[in-house]
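A.B. asks: Sequence:
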Amino acid sequence: MQKNVGGIDKTLRIIVGIAIIAYGVVAQSWLGVIGIIPLATGLIGWCPLYCPLKINTSCKKESCEKKEE
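The working numbering numbers the first residue of the sequence shown as 3 and each following residue consecutively.
It is worth saying that the hints were derived from the structure and are not from the lab.
Please note that the accuracy of each hint is not assured.
[To be verified] Ranges between beta-carbon positions, derived for each pair:
{"hint": "1", "residue 1": "Tyr25", "residue 2": "Pro50", "range": "21 to 29 Å"}
{"hint": "2", "residue 1": "Lys56", "residue 2": "Ala24", "range": "26 to 34 Å"}
{"hint": "3", "residue 1": "Leu33", "residue 2": "Thr13", "range": "21 to 29 Å"}
Glycine included, C-beta positions come from ideal geometry on N, C-alpha and C.
Please work from the sequences and hints to get the whole structure.
C.D. replies: So this is what it looks like as C-alpha cells:
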C-alpha cells in the first residue's frame, strides 16, 4: 500500500474528519460516524478512492523529478 495522500491534503482530511465527528457528538447524530473516513485516510496517508482515479497528492521530490524527465 503506497501512500497517496500528501501534506496539505492529509491536514485537511484530519481537520474535516474531527469537525464532522464533533458535529455528530454535539448534534447527537449518527452523521458524526462519517467523519471517521476522512480522519482515517488522513492518519493512514492512503485513500482507496485515489487509486482508480490515479490521483497522488503525496509527491516526493525524487519521484516528481523522475516523472518530469
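A.B. asks: If a hint holds in the structure, say so; if it does not, say that too.
C.D. replies: The hints, checked one at a time:
At roughly 24 Å, the beta carbons of Tyr25 and Pro50 sit within the given window of 21 to 29 Å. For the pair Lys56 and Ala24, the beta carbons lie near 33 Å from each other, so the given range of 26 to 34 Å is met. Range check, Leu33 to Thr13: about 22 Å between beta-carbon atoms, so the 21 to 29 Å window is met.
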